[in-house]
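S.K.: These are the residues of each chain, in order.
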Amino acid sequence: MMKHLRSWEVFLLCVLIFIIVVSSVVSPEFLTVANQIDLFQLSIEKVIVALVMTFIIINAEIDLSVGSMMGLSACAFGWLYQQGVDARLAIAICLAIGVVGGAVNGWFITALGLPSLVVTLATLIAYRGLARVLVEDRGINGFPDWFNALGQEGFVGPIPFALIVFAILFVILYIVLERTGFGRKTYVIGSNRDVAEFAGIDTRRHKMILFIASGVISAFAGLLYASRVGAIRGDVAFGFELDIITIVLLGGVSIFGGSGTLIGTGLPS
Amino acid sequence: MQNLLNRISPQTLRLLVLIAVIVLLLLFFSTQIENYLNGRLFNRISSSMAIMALIATGQTLVILTRNIDLSVGSVIGFAAFATGDMIASYPTLNPIVLLTYSALIGAGFGMVNGLLVAYVRVPSIIVTLASMAIYRSFLVEFSGAKSITTEQLPQWLTDFPNYQVFVIGDMQFRAGFCAAAVVVLIVHLALTRLRPARQLFAVGSNPEAAEMAGIDSQRVVFTAFVFSGLMAGLAGFMFLARFGNITVVAGLGFELNSVASAVVGGVNIFGGSGTVIGAFLGTILVDLLQTSLVRWQIVSEFWREAVLGAMILISVAADTVLNRRLTAIRAARAHRIALERKAATP
Numbered sequence: 001m002m003k004h005l006r007s008w009e010v011f012l013l014c015v016l017i018f019i020i021v022v023s024s025v026v027s028p029e030f031l032t033v034a035n036q037i038d039l040f041q042l043s044i045e046k047v048i049v050a051l052v053m054t055f056i057i058i059n060a061e062i063d064l065s066v067g068s069m070m071g072l073s074a075c076a077f078g079w080l081y082q083q084g085v086d087a088r089l090a091i092a093i094c095l096a097i098g099v100v101g102g103a104v105n106g107w108f109i110t111a112l113g114l115p116s117l118v119v120t121l122a123t124l125i126a127y128r129g130l131a132r133v134l135v136e137d138r139g140i141n142g143f144p145d146w147f148n149a150l151g152q153e154g155f156v157g158p159i160p161f162a163l164i165v166f167a168i169l170f171v172i173l174y175i176v177l178e179r180t181g182f183g184r185k186t187y188v189i190g191s192n193r194d195v196a197e198f199a200g201i202d203t204r205r206h207k208m209i210l211f212i213a214s215g216v217i218s219a220f221a222g223l224l225y226a227s228r229v230g231a232i233r234g235d236v237a238f239g240f241e242l243d244i245i246t247i248v249l250l251g252g253v254s255i256f257g258g259s260g261t262l263i264g265t266g267l268p269s
Numbered sequence: 001m002q003n004l005l006n007r008i009s010p011q012t013l014r015l016l017v018l019i020a021v022i023v024l025l026l027l028f029f030s031t032q033i034e035n036y037l038n039g040r041l042f043n044r045i046s047s048s049m050a051i052m053a054l055i056a057t058g059q060t061l062v063i064l065t066r067n068i069d070l071s072v073g074s075v076i077g078f079a080a081f082a083t084g085d086m087i088a089s090y091p092t093l094n095p096i097v098l099l100t101y102s103a104l105i106g107a108g109f110g111m112v113n114g115l116l117v118a119y120v121r122v123p124s125i126i127v128t129l130a131s132m133a134i135y136r137s138f139l140v141e142f143s144g145a146k147s148i149t150t151e152q153l154p155q156w157l158t159d160f161p162n163y164q165v166f167v168i169g170d171m172q173f174r175a176g177f178c179a180a181a182v183v184v185l186i187v188h189l190a191l192t193r194l195r196p197a198r199q200l201f202a203v204g205s206n207p208e209a210a211e212m213a214g215i216d217s218q219r220v221v222f223t224a225f226v227f228s229g230l231m232a233g234l235a236g237f238m239f240l241a242r243f244g245n246i247t248v249v250a251g252l253g254f255e256l257n258s259v260a261s262a263v264v265g266g267v268n269i270f271g272g273s274g275t276v277i278g279a280f281l282g283t284i285l286v287d288l289l290q291t292s293l294v295r296w297q298i299v300s301e302f303w304r305e306a307v308l309g310a311m312i313l314i315s316v317a318a319d320t321v322l323n324r325r326l327t328a329i330r331a332a333r334a335h336r337i338a339l340e341r342k343a344a345t346p
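Going line by line, the protein sequences match chains A and B.
Be aware that the first sequence starts at 1, since it is given in the numbering used here, and climbs by one per residue.
Be aware that the second sequence starts at 1, since it is given in the numbering used here, and climbs by one per residue.
One chain only, chain A, in its complex shape (with noise of 0.2 angstroms):
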């Protein structure tokens, strides 16, 4: 199993190194800080979410409804916020609305034992659906300025709102992974299942926190989308889930390999 992975990891940095080398060829811009500060800010929801989605496919599990969360938090905002309620209660509402369907997802796959892949398969056009039915075909803006603000302009000088989350919740994630007992879980739950049960540990307990954590999270990430982009409509964050995916599998490398330069998965994107 470990070979099979290595192999993988080369493979992918090979691809990476590829895509790096071609894209400075043909753009000199490319390399520069402002292009890469660029490019990581319009990915920098998805890139919040991978976070989460790491510790998932670390545990031999995947979550495909992200895209749909993020959507279904959006949209919810969205109609809370024009049927009058106030925008800070109407964020409270779209987090639980996150773990809600995080535990939906985890419910299914934990006590019934479904593959995560199927259930999160359904889930991802359920709550797309949902989505949907909350706005239609209609799109929403003119949130207040405060909301606006936060994801169009600096938030301490001229590093964004979303940029600063994401360096704080890197920052613990990582340590949750390297040197808790948590994190070891999620390795040993990933590598063998069968082995975590019989040296104690919950693992149904432990996926259904990680993908209640999935949901809120992308929930999270849902809301920060609408407040860069500042209008919502029905397909927003359509399709995320396999970007997602992708910037986990292209991090993944770093991650194994124990230092943490997940931020080099903003290049490809």
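Any given hint could be a false lead.
Said to hold, decoys possible - Output of the computed footprint for chain A on chain B, the stretches with three or more beta carbons under 8 angstroms from beta carbons of chain A:
1) 147-159
2) 259-273
As the list claims (entries may be wrong) - Here are the simulated distance ranges between beta carbons:
3) B/Val23 x A/Arg179: 32 to 40 angstroms
4) B/Phe28 x A/Val156: 51 to 59 angstroms
5) A/Arg205 x B/Thr150: 50 to 58 angstroms
By construction, these hints were calculated from the structure, which means they are not laboratory data.
C-beta atoms are modelled at their ideal positions from N, C-alpha and C, and glycine is treated no differently.
Using the hints provided, position chain B relative to the given structure of chain A.
M.R.: Just chain B now, with coordinates in the frame of chain A:
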């Protein structure tokens, strides 16, 4: 009841349950929608499901070997565009040549996937995730921002999907549907009767045991991907014939729909079990639901996707739970019989 359970295999039971669900849905919607149960419903669903039925068949074979092919949507798009481009440039081309051209394009793409998955041993979800994006960008590059329109296509091609093979009452069996049904039937017969096709099940249910039994599992996986590509190529031809207008977004999102159809049809996502007939019924079920929800007055058409997602979840959950029960009942029975035999022998 016990006897009946014993005689019906779990696979057959699954198919019966699927048919029952389809009939129940038909009855339910006929009470909700006026003029629902008639020939036009049959015509509508049979012609819209034909394309998906082909891809779901290819997808089933790949899933049987414990893999997944997410690139089919992009392959359909590319095959449809390239085929349309070909017939637009050479309008006198023989239909058979054109069909072969489309199928070969698909098989070529499938071969690339298969090589990477089976011989380079990169996980299929990664390979096909990447090739989904790559093939789509080939299409964008190849098309040069132009699109194929119906006017560029010869009459015989656009008429093909609506050609009526035979008619029963109001129900027209059109060429597209018949072609898909024939392909599914052939694949089903091959899967149940031919030794090489049985290897797909062997590799999917236990790769190590398959290797020890002398099966070249790499070749089996490779073949499954080539077949899936081939099906996507054929589906691309049908897509071109049915819609006529091909843009760079042709076939977008078909990959998840095909996985959903196969899974609803009882194909085990972990490989090793499932039937193409099941996938065919799954495609009908998904299509029936989508078509009917649009016409259902009580709920807004925006509920369509939400209900579809819930349907998939419920059908898979019910299938798994039912199957587990059944296995447990059978095991208990076998145990009891063994005990009785032991007691009977002095």
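S.K.: It remains to establish, for every hint, whether it holds in the given structure.
M.R.: The hints, checked one at a time:
1. Evaluation of the coverage hint for the segment 147-159 of chain B: breached, as 0 residues show C-beta separations to chain A shorter than 8 angstroms, against a requirement of three.
2. For the segment 259-273 of chain B, the proposed coverage by chain A is satisfied: 5 residues have a C-beta within less than 8 angstroms of a C-beta in that chain, meeting the threshold of three.
3. Roughly 57 angstroms separates the CB atoms of B/Val23 and A/Arg179, a value that falls outside the hinted 32 to 40 angstroms.
4. Between B/Phe28 and A/Val156, the C-beta spacing of about 57 angstroms keeps the proposed range 51 to 59 angstroms intact.
5. At about 57 angstroms, the CB distance of A/Arg205 to B/Thr150 agrees with the hint of 50 to 58 angstroms.
When held up to the earlier numbered hints, the structure conflicts with 1 and 3 and fits the remainder.
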